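Could you fit the two chains together into a complex? Lean on the hints.
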Amino acid sequence: MVFSKIKIPVSVLAFLLLSLVLLSLHLMSSATQASSELSQLYSSLVLINAIGSVILLFLVGVNVYSLFRQIRKREAGSQLTIKMVLLFVLLSLAPAGIVFYYSVQFLDQSIDSWFNVEIDRAMDDALEISQVSLEQKMRDHLKKMEKLAEHIVAGERVDIEVLRDGISADELTLLSSQGHIEVFSSVSSTMELPDVENTLLTLGGGDSYIGLDTVNDGGLSVRVIVRVHAERPQLLHALFPVSQRIADLADSVEFAFVRYQEMTYLRNSLKISFSLTLGLVLLLSLLAAIWIAFISIRNIIAPVKQLVKGTQAVASGDYSQQLPVLVHDDMGFLVESFNKMSQRVGLARDEARLSSIEIEDQRAYLQTILSSLTSGVISLDGEFNIRTANQAADAIFHCAINQFSGQPLLAFTQGRSDLQHLVAMIHVKMEYANFTWQQHVSLLGPKGRQEILCRGAPLFSQRHGRIGAVIVFDDVSDLVQAQKNAAWGEVARRLAHEIKNPLTPIQLSAERLQLKLSGVLDESSATMLERSTKTIVQQVEVMKKMVDEFAEYAKPSKKNTESISLPDLIQQVVALYSLQPKVEFRVRLGATVPDVEADPIQVRQVLHNLIKNALEALAYEGCITVTVQFLDKKNAQVVEVGVYDNGPGIKSEQTDNIFEPYITHKEKGTGLGLAIVKKIVEEHRGSIWLDTEYHDGAGFVFQLPLV
Amino acid sequence: MDFIMLSLKSVKWVVLLGVLLCLSCSARGEQKNIRFLEKSVRGNEQGLFLDAVVALRLSSEAEKALKSGVPLVWVMTVRVWRQREILWNKKIAEVICRYQISYHALMDVYRVTNEQNGTEKKFTSLQVALNEMGVLNNIFIMADRLVVNKKQYIIGVLFALDKERLPLPLRPVAYYDSEWMLTSQWNLWSFQK
Chain V
0 MVFSKIKIPV
10 SVLAFLLLSL
20 VLLSLHLMSS
30 ATQASSELSQ
40 LYSSLVLINA
50 IGSVILLFLV
60 GVNVYSLFRQ
70 IRKREAGSQL
80 TIKMVLLFVL
90 LSLAPAGIVF
100 YYSVQFLDQS
110 IDSWFNVEID
120 RAMDDALEIS
130 QVSLEQKMRD
140 HLKKMEKLAE
150 HIVAGERVDI
160 EVLRDGISAD
170 ELTLLSSQGH
180 IEVFSSVSST
190 MELPDVENTL
200 LTLGGGDSYI
210 GLDTVNDGGL
220 SVRVIVRVHA
230 ERPQLLHALF
240 PVSQRIADLA
250 DSVEFAFVRY
260 QEMTYLRNSL
270 KISFSLTLGL
280 VLLLSLLAAI
290 WIAFISIRNI
300 IAPVKQLVKG
310 TQAVASGDYS
320 QQLPVLVHDD
330 MGFLVESFNK
340 MSQRVGLARD
350 EARLSSIEIE
360 DQRAYLQTIL
370 SSLTSGVISL
380 DGEFNIRTAN
390 QAADAIFHCA
400 INQFSGQPLL
410 AFTQGRSDLQ
420 HLVAMIHVKM
430 EYANFTWQQH
440 VSLLGPKGRQ
450 EILCRGAPLF
460 SQRHGRIGAV
470 IVFDDVSDLV
480 QAQKNAAWGE
490 VARRLAHEIK
500 NPLTPIQLSA
510 ERLQLKLSGV
520 LDESSATMLE
530 RSTKTIVQQV
540 EVMKKMVDEF
550 AEYAKPSKKN
560 TESISLPDLI
570 QQVVALYSLQ
580 PKVEFRVRLG
590 ATVPDVEADP
600 IQVRQVLHNL
610 IKNALEALAY
620 EGCITVTVQF
630 LDKKNAQVVE
640 VGVYDNGPGI
650 KSEQTDNIFE
660 PYITHKEKGT
670 GLGLAIVKKI
680 VEEHRGSIWL
690 DTEYHDGAGF
700 VFQLPLV
Chain A
0 MDFIMLSLKS
10 VKWVVLLGVL
20 LCLSCSARGE
30 QKNIRFLEKS
40 VRGNEQGLFL
50 DAVVALRLSS
60 EAEKALKSGV
70 PLVWVMTVRV
80 WRQREILWNK
90 KIAEVICRYQ
100 ISYHALMDVY
110 RVTNEQNGTE
120 KKFTSLQVAL
130 NEMGVLNNIF
140 IMADRLVVNK
150 KQYIIGVLFA
160 LDKERLPLPL
170 RPVAYYDSEW
180 MLTSQWNLWS
190 FQK
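So the protein lines, in turn, are chains V and A.
Take 0 as the starting number for the first sequence in numbering that gives the first Met the number 0 and just add one per residue.
Take 0 as the starting number for the second sequence in numbering that gives the first Met the number 0 and just add one per residue.
By construction, these hints were calculated from the structure, which means they are not laboratory data.
Because the structure is a prediction, the values reported are computed rather than measured.
All C-beta atoms, glycine included, are put in the ideal place defined by N, C-alpha and C.
Careful, some of the hints might be misleading.
[Said to hold, decoys possible] Cross-link-like lysine-lysine pairs, in silico, DSS-like; alpha carbons within 27 angstroms at most:
id, chain 1, residue 1, chain 2, residue 2
1, A, Lys120, V, Lys136
2, A, Lys121, V, Lys136
3, A, Lys38, A, Lys120
4, V, Lys483, V, Lys650
5, V, Lys544, V, Lys611
6, A, Lys121, V, Lys143
7, V, Lys136, A, Lys66
8, V, Lys543, V, Lys557
[Stated by the list, open to error] Anything over 12 angstroms on all C-beta distances counts as not near chain A; from chain V, calculated:
id, residue
9, Ser416
10, Leu507
11, Thr624
Only chain A is shown next, with the shape it has when bound in the complex (with noise of 0.2 angstroms):
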C-alpha cells in the first residue's frame, strides 16, 4: 500500500503543478485583448442586473480560425459571494451567458449569437461584431429577494473564450499556445444593498 499512497501524494503534487501551470499560462494571454471597460450594477424591485462594456480584440490566431469557419464562443461569467467575516466567502449566485461569433463565407458577414435568447445579429466587419458582443445589457444576476440588507457582497465578473467549444483537435493546442488566451481578469466589486 505504500506505493498506492505515494501515488496518491504524486496525484497531489501533479495536480499542484498542473494549476500553477495553468495560472502561470492565463497569466500570460489574459487583459490583453479582453478588458473590461465599464462595469456597474444597478437593482430593482426584480433583482440585480448587470452592464457592461467589453473590449474585445481578436489574436491573430483567433482571427484566422474565425476566418476558416471556426466559431468561436465566449463566455461571461458572473458570481456573487457574500462576505462572512469567520468562514470564507459564500457564493449565493453565478450566472453564465456565451455568445458565439461566426463567420458566414457566402455572405462575407460575421454572425454573432446570443445562446441565451437565440437572437443573432451580423456584421460585415469582424470588430463592429465583437464591439456589439462586448456590450452587454441588463443581465440578471440574482432575485432581489436573496441579496440581505446591509450585508456586504463581492460581485465577479469574467469574460473569456470557452476552450471547451473549440474543434476538438485545436483545444490541446489552446491550452498552452498564449495565442489563445483569450481571457480577461476577474473583475471584482463590492457591493451592499
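If we strip away everything but chain V, and leave its shape as in the complex, we get (with noise of 0.2 angstroms):
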C-alpha cells in the first residue's frame, strides 16, 4: 500500500536498475580478470547478474504480454507500439550479436593460442630437467650415507659432528631401530628433532628412503634414511641441504609447470567463464534495451494514442472531446491541432444541424401548405421516382399515392387502367419538356369521369442540372360542368327567348288567316290555306316543344336523392315497353346489386332515353338487353347498367360526339336525348359510354357510385 503512493519515475527506476546491473557486470569483470578479493564475490555477482536478467526478463515479458493483450483488443497504437519494439530489438540484437559472436570467437582463439604442444613439450621437459637434477643430488647423497652406514660399527662411539661434517649434511641422526635417538647433530643452532614417527613411517620395510623436503623456511632439504646393518640394527637419519639456487630454480620450474598445467585444464572452463560473462552482459543489454524500449515507446505512442482515441470519439459524434497537450513539441502540436479541428467540427456539426432542422421546420411548413392546397401535388426525382405526394393528389386518384414513394411514377398505375394514359403523358413531359407544362386530361375513373387539368414543371439544380419534376393536378370536373351547363343555359335561354316568343303570334297569324280566308277562298285555296296553316301551326307545336326541351335540359337539376333498387328499377320500366309486340326484352340481373343514392326520376328518365333510342334504332322490331351488375374496383364500388340492342349500331364517326347536345343521327330527334341522359349520370357522379366493344348493335353502358 506503501508503494502505491509513492510515485517514482520510471526512467529513474529504470536508471537505477540499469545502474546497478552494470556495476554488477563490472564487478564480474573484474573479478574474473583479476584475483582480487572480488573473486570472493563472484558467485554473488554471478547471481546478482542472473537475477537481475531474471526481473528485466519478467518485466519485458510482462510488457510483450501487455503488448499482445492490446493487440488482441485492437487497441489504439498497438500495431505502431510492435512495430517499433521489433525495430528496437532488431537494432539492438543485431551489432550486440555480432559483436557477442566474434568476443566469443576471438577469446577462444586467444585462450587456444597461449597453449602449444611446443610449451608442453618444454614444460614437462623443464620438470624433468628439475627432478633428474635433483634425483643426481640425491643420489649422491643416498650413496655418502650408505657408505656412511658400513663405517658405523655397532656398539663404538660415533663422533657424529664429524661424520655430519664429513657427509657435508645440514643434520645428522643416529636411532635405533626402535626409532629412538642415539646421537643428534646439526648445523643449525636451534636443535630441532626429527619427527621419529614420521622417520620409521617413511622408511617403512625398506633399506633405505630418499626425498625432497620442504623445511621451515621454505627451502628444499634432501631427507635419507638408511639401515645400519651391524649386530644392532640402527638408522641413520640426514638432512642434506640443497643449494639455494637449485632450489628457486626448481621451485621456479614447478610453479611455472602448475600454473601451465592448472591453466591448460582451465582452458574449458575459462572459455566458458567469460562466454558466461558476456553473455550475461548481452542478455542484460538487450533486456535493458528491450525494457528502455517498450517505455521509451510508450511514451512516445501515449499522444498517438490519445489521438486515436480523439479520433474515433470525433468519428463516433462526440466532437467535445479535447485532449490533453502533454509536451509541447510536434506530438504537443498535432494534438493542439486536433483540438481545435474536433472543435471547429463541433461547430459546424451544431450548424449544421441548426440549419437541418430549419429545413424540416421549413419541410413541415411546406409539407403543411401541400396538404391544404386542394390541388395535388406529385414530385418526382431524376428517375422519375416518386419522391412526395400530397393528399390532394390521393383525393384526385382515389388512392394512397405515398405508399409508392421511391417507386416509378407507374407503379400506382397497376390496376388502374384508367390512369396509364395520364401516366403516359407525364412521361412524355417530363422527358422532353424543358420549361413549364400544362395538359387537361379527361380520365374514366372509379368514380366516373374526371376532367384533370395537369402542370408540371422541371426541377433543376445548379450542380446536378436536373434533378426531377413536380406536377400539380386539378380536378376540373366541376367546372368543366358548370362551364357546360351555364353554356347551355344561356343558348336555351337565347332559345327561349329568340325563338320562341315569335312564335305564338306566328301560330295565331296563321291560325287567324285560315279562320278569315277559308270562307273566302275558293275550295281548292281553301284546302291549300287550310293545309298550309295546319303546318305552320304543328310546325310552331314541334319547335315550342323543341324549345322546352332546351329549357328542361339548360335547367339547373335538383336532386332529390334516396337509396334506390336499380333492378326493381330497370324492371320497372321495362315492364312499361313489354307491350311492344315485335320486341324482345332481356333484363340480366346481377347476383347482388346493392342499392344506390341516386333520384328515382332522373334515373327513370335516362332509362326511358336509352330504351327509347334503341327502340327508334330498332325500329320497334327486334331484341333490346338490359343488364345490372355490381363491380367492385380497387378503389370504388360501382353499379353498372348496359342497354344493348341489335339494330344496325352507330357508325364511328359518330361515336366521338354521340351525347353532345343538339347532335342526332334521326329524323325527327332533337339531339338531346343523350344529352340529357349524360347530364343527369354525371350530376350523379356517375359516367356513361358508349359499348364500343359490342358489335351487334348500339350498346351504351352507364356506371353510378354507391357513394
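Take a look at the structure:
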C-alpha cells in the first residue's frame, strides 16, 4: 500500500536498475580478470546478474504480454508499438549479437593461442630436468649415507659431528631400530629433533629412503634414511641442504609447470567463464534495451494513442473531446491542431444540425401547405420515381400515392388502367419538356369521369442539372361541367327568348288567316290554305316543344336522392315497354346488386331515354337487353347498367360526339336525349359511354357509384 | 510502482527456483563420494569434541583437476542446535574447519594441509592422502558451559568441497556439473548431557 502512494518516475527506476546491473557486470568483469577480493564475490555477482536478468526478463515479459493483449483488443497504437519494439530489438540485437559472436570467437582463439605442444613439451622437459638434477644430487647423498652406514660399527662411539661434516649434511641422526634417537647433530643452532615416528613410517620396510622435503624456511632439503646393518640394527637419518639457487630454480620450474598445467586444465572453464560473462552482458543489455524501448515507445505512443482515441470519439460523433497537451513538441502541436479541428467540426456539426432543423421546419411548413392545397402535387426525382405526394393527389387519384414513394410513377397505375394514359403523357412531357407545361386530361376513374388539369415543371439544380419534376393536378370536372351547363343554359335562354316569343304570333297569324280566308277562297285554295296553316301551326308546336326541351335541359337540376334498387327500377321501366309486340326485352340481373343513392325520377328518365333510343334504332322490331351488375373495383364500388340492342348500331364517325347536345342522326330527333342522359348520369357522379366492344348493335353503359 | 512489486515477486520466485535447483543438484551429487563412516561426540570438562571418519573419493574430474595443480579445499561444518518445543531450534555453535589437498609435481606427492593449525603432511598416494584427511579427531565444538543439563541438542556435521575456493573460471562449471557435487549429507544426531 505504501508503494502505491510513492510515485517514482519510471525513468529514474530504469536508470537505477541499469546502473546496478552495470555495476554488477563491471564487478564481475573485474573479478574475472583479477584474483582480487572480488573473486570471492564472483558467485554472488553471477547470481545478482542472473537475478537482474530474470527481473528484466520478467519486465519485458509483462510488457510483451500487455502488448499482445492490446493487439488482441485492437487498442489504439498497439500495431505501431509492436513495429517500433521489433525495430528496437532488431537494432539492438543485431550489433550486440555480432559483437558477442566475434568476441567469443576472439576469446576462444586467444585462449587457445596460449597453449601449444612445444610449450607443453618444454614444461615437461623443464620439470624433468629439475627432477633429474635433484635425483642426481639425492643419489649422491644416498651413496654417501650408505658408505657412512657401512663404517658405523655397533657399540663404538660415533662422533656424529665429524660424520655430519664429512658428508656435509645439515642434520645427522643415529636412531635405534625402534626409533630412539641415540646421537644427533645439526648445523643449526636451534636444535630441532627429527620426527621419529614419521621417519619410521616413511622408511617402512625398505633399506633406505630418499626424498625431497621442505624445511621451515621454505627451502628444500634432501631427506635420506638408511639402515645400519650391524649387530644391532640402527637407522641413520640425514638432511642435506639443497643450494638456494637450485631450490629457487626448482621452485620456479615447479610453479610454472603447475601454473601451466592448471591453466591447461582450466582452458575450457575459462572459455565458459568468459562466455558466461559476455553472455550475461549481452542478455542484460538486450533485455534492458527492450525494456527501455517499451518505456520509450510508450511515452512516444501516448500522444498517438490519445489522438487515435480522440479520432475514434470524433468518428462516433463526440466532438467535445479535448486532448491534454502533454508535451510541447511536434506531437503537442499535432494534439493542439486536433483539438482545434474537433472544436471546429463540432461547431460545423451544430450549425448543420440547426440548418437541418430549419430545413425540417421549412419542410413541415411546406408539407402543411401542400396538404391544405386542393390541388394534387406529386414530386418526382431525376429517374421519375415518386418522392412525395400530398393528400389532395391521393383524393384526386383515389389511391395512397405516398405508399409508392421511391417507386416509378407507373407503380401506382397498376390495376388502374384509367391512369395509364395520364402517366404515359406525364412521362413524355417530363422527358422532353424543359419548361413548364400544361395538359387537360379526361379520366374515367372509379368515381366516374374526371377532368384533370395537369401542370408540370422540371426541377433543376446548379450542380447536377435536372434533378426531378413537380406535377400539379387539378380536378376541374365540376368546373367544366358548370361551364358546359352555363353555356347550354345561355343557349336555351336565348332560344326561348329569340325563338319561342315569335312563335305565338306566327301561330296566331296562321290561325287567323285560316279563319278569315277559309270562307272567302274557293275550295281548292281553301284546302291549300288549310293545309298550309295546319303545317305552320304544327311546326310551331314542334318548335315550341323543342324550345321547351332545351329549357328543360338547361335548367339546373334538383336532385332528390334516395336509396334505390336499380334492378327493381329497371324491371319497372322495362315492364312499361312489354306491350311492344315485336320487341323482345331481356333483363339480366347481377347476383347481388346493392342500392345506390340517386334521384329515382332522373334515373328512370335515363332508362326511358336509352330504351326509347334503342326502340327507335330497332324501328320497334328486335331485341333489347338490359343488364345490371355490381362491380367492386380496386378503389371504388359501382353499379353498372347496360342497354344493348341488336339494331344497325352507330357509325364510328358518330361515336365521338354522340353525347353532345343537338347532335342527332334521327329524322325527328332533337339531339338532346343522350345529352340529358349524360347530364343526369354525371350529376350523379357517374359516367356513361358507348360500348365500342359491342358490335351486334348499339350498346350504352352507365355506372353509378355506391357512395 | 506496480512493476516494482511485480519485480519483487519475480525475485522471490527466482530465489525459490534457484534454491530448488541447488537442492536438486546437491541431491544428485551428494553422499556418493563422501560418506561419514564414523562419528561421535565426547564431552569433558573443557567442552564437546568430535571424532569422525569420512570416506572420501574424488570424482574423475576432481582428480584430474587436482593432478593439474588445482588445490581442493574441503570444509567441514559442525553445527549444534538446541531443541525448543515451541520455537524453531536455536543454533548455539558452529565450527568450520578447512583442509586443503594439493599435488606437487616436482616431488610427485600429495600434500594435505590443515588450515586451522597449519600442519601439513605429504603422501605419495592420493587415496592415502584422502584417507588421512578423512580422519578427524578431537575437533573442538563448543565450551562445556554452553551445554545445559538435560537439554536436548542436535549435532549436525557436513563435509563438502568448498567451491568458492576453486579457481574462478571453474566455479560456474562446478555449480552445475555433477562431477563437482562433492558433499556429504547433513549427519544429524541428538545429544544430551
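Hint-by-hint comparison with the structure:
{"no.": "1", "hint": "A:Lys120 to V:Lys136", "result": "holds, 24 angstroms"}
{"no.": "2", "hint": "A:Lys121 to V:Lys136", "result": "holds, 21 angstroms"}
{"no.": "3", "hint": "A:Lys38 to A:Lys120", "result": "holds, 23 angstroms"}
{"no.": "4", "hint": "V:Lys483 to V:Lys650", "result": "holds, 26 angstroms"}
{"no.": "5", "hint": "V:Lys544 to V:Lys611", "result": "holds, 18 angstroms"}
{"no.": "6", "hint": "A:Lys121 to V:Lys143", "result": "holds, 25 angstroms"}
{"no.": "7", "hint": "V:Lys136 to A:Lys66", "result": "holds, 26 angstroms"}
{"no.": "8", "hint": "V:Lys543 to V:Lys557", "result": "holds, 23 angstroms"}
{"no.": "9", "hint": "Ser416", "result": "holds, 82 angstroms"}
{"no.": "10", "hint": "Leu507", "result": "holds, 132 angstroms"}
{"no.": "11", "hint": "Thr624", "result": "holds, 103 angstroms"}
The structure is consistent with each of the numbered hints, conforming to all of them.
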